[in-house]
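There are 2 protein chains.
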Amino acid sequence: MALAERIEPQSKEPLRLWLRLLTCATAIEKKARAMLAERFGTTLPRFDVLAALDRARDGLTMGELSAQLLVSNGNVTAIVARLVQDGLVTQAQDRDDRRILRVKLTPKGRRDFRLYAAEHERWIEQLLSNLNEREIQDLLAGLARVKTSIERSGL
Amino acid sequence: MALAERIEPQSKEPLRLWLRLLTCATAIEKKARAMLAERFGTTLPRFDVLAALDRARDGLTMGELSAQLLVSNGNVTAIVARLVQDGLVTQAQDRDDRRILRVKLTPKGRRDFRLYAAEHERWIEQLLSNLNEREIQDLLAGLARVKTSIERSGL
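Residue numbers (this note's numbering), protein chains in the order written: chain A, 1 to 155; chain B, 156 to 310.
Any given hint might turn out to be false.
[Stated by the list, open to error] One side only, chain A facing chain B, incomplete, derived with CB under 10 Å:
hint	residue
1	23
2	62
3	90
4	110
5	128
6	138
To be clear, the hints were calculated from the coordinates, so they are not data collected in a lab.
Cβ coordinates follow ideal geometry from the N, Cα and C atoms, glycine included.
Throw the hints in and build the complete structure from the sequences for me.
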């Protein structure tokens, strides 16, 4: 936190906003990493992969999976290989096109993920518990404007 | 973007806020990574290290440097070693305690960083250019509340 506060005064407003956004995201991410390690002995990149697969009924190709991850994450192949070893994930041929491999959760993978996800949601609620409903709604609306601005920026 | 939109409807508000925050931060980070690579052949972790050193007049110990980084980042030692090789950074003994090594920018390192930073600021301005001053101020205030909430959460 100290860092962003120290540099913000000299910076222009959009840069201040970006730094504060990054500071908040990094702070929550750090807590989530620590809690996942401490409570479940797992990692945020693994959690992120399981979350993407939990939302995909028919599994995902490796390309689709990479595209859906929220946490930037160098080595999806290694993470999936490890999840296969641990029995949380399988790789199987696509029904229609046998050249395509689809990654899916196993029943154990789904059970474990649901357990992590429920706890994760509780941590997030606790981390944000000083904000009232109105403040959360305002932030959701403001961040939706940020998303739109990025998409329209042409960069 | 599609991902967060798809999962958000079922999620409770704090979790939606966290996912949207992460989506925005990831989107800007991805653009910054691409632009740094394309325009300067450099990386966001390198930029982040140079930024921390640019703010520290007397340099930083490796521990201080790690603590100041905004981008989560496994291998600070390797990044610094590479920056030393490239002549952007030096490691020298602390004046008062010769057992301590301090990492500092070289004049070339400072020049290069300032060039990257000016461009980086322009990209951020462009990415956020659809937001007016009021929207930016509201987000800065809301995110300050998020920071406070995280700090007070006890997690």
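Checked hints:
The beta carbon of residue 23 of chain A is positioned within 10 Å of a beta carbon in chain B (closest approach about 7 Å), and the interface hint is therefore held. Annotation: residue 62 of chain A was flagged as interfacial toward chain B, and the flag is violated, the nearest CB pair being 16 Å apart, outside 10 Å. At a threshold of 10 Å, the smallest CB-CB gap from residue 90 of chain A to chain B is about 22 Å, leaving the interface hint violated. Taking 10 Å as the C-beta cut-off, the interface hint given for residue 110 of chain A is violated, the closest approach to chain B being about 15 Å.
A distance limit of 10 Å between C-beta atoms decides the matter here; for residue 128 of chain A the minimum to chain B is near 4 Å, and the interface restraint holds. Checking residue 138 of chain A against chain B by beta carbon gives a least distance of about 6 Å; that is within 10 Å, so the hint holds.
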